[in-house]
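Sequential numbering from 1 applies to the sequence shown in the working numbering.
Don't take every hint at face value.
What follows is a list of derived Cβ distance ranges for each label pair [unchecked claim]:
{"id": "1", "residue 1": "Gly-101", "residue 2": "Asn-47", "range": "14 to 22 Å"}
{"id": "2", "residue 1": "Thr-33", "residue 2": "Asp-119", "range": "13 to 21 Å"}
{"id": "3", "residue 1": "Thr-29", "residue 2": "Ala-89", "range": "17 to 25 Å"}
{"id": "4", "residue 1": "Gly-96", "residue 2": "Cys-66", "range": "17 to 25 Å"}
No wet-lab data here; the hints were simulated from the structure.
Ideal Cβ positions, reconstructed from N, Cα and C, are used throughout, including at glycine.
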Amino acid sequence: MKPPLLRALLLGGVLGSWSVAAPSADSATLRPTFGGVLLEAHLLPGNAPSLTGVWADAGHAKLLRCAPRCQVVKEIPLSGPMTISQSSAYRVVLGGTFKPGKRVKVLLRFGQTDLIAVDAMVTAATR
1 MKPPLLRALL LGGVLGSWSV AAPSADSATL RPTFGGVLLE AHLLPGNAPS LTGVWADAGH
61 AKLLRCAPRC QVVKEIPLSG PMTISQSSAY RVVLGGTFKP GKRVKVLLRF GQTDLIAVDA
121 MVTAATR
């Protein structure tokens, strides 16, 4: 991510954090999958209507709708608390190589202004 974009995202997060019902995420983990990792988290959207972007050091994540097949979407609609995982209709996948046990800072954008940073740990692959 280029520095001016990062500054704009962080500034937007500071300004967006002044909203009455700010979004949050808890219990975030990254589960290895083909070509990267799958974000698993419980999202509390606050007043935000959707999850519109996810970033990490590896770059921009793909937002997917997987019903019946996975397709890239521009946003994940949120009407209330939602869990994204391997078994949910919506998924978030970061491409790249990640080592189990590594902590990764993940930036989530809700709507157009609300940004939150989440610390997620890469879990061991399970087969």
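Verification of the supplied hints:
At roughly 35 Å, the beta-carbon separation of Gly-101 and Asn-47 lies outside the given 14 to 22 Å, and the hint is violated. For Thr-33 paired with Asp-119, a C-beta distance near 20 Å keeps the hint of 13 to 21 Å intact. Checked against the hint of 17 to 25 Å, the pair Thr-29 and Ala-89 passes, with Cβ atoms roughly 19 Å apart. Our hint of 17 to 25 Å for Gly-96 and Cys-66 holds, since their Cβ atoms are close to 20 Å apart.
Of the numbered hints stated above, the single one contradicted by the structure is hint 1.
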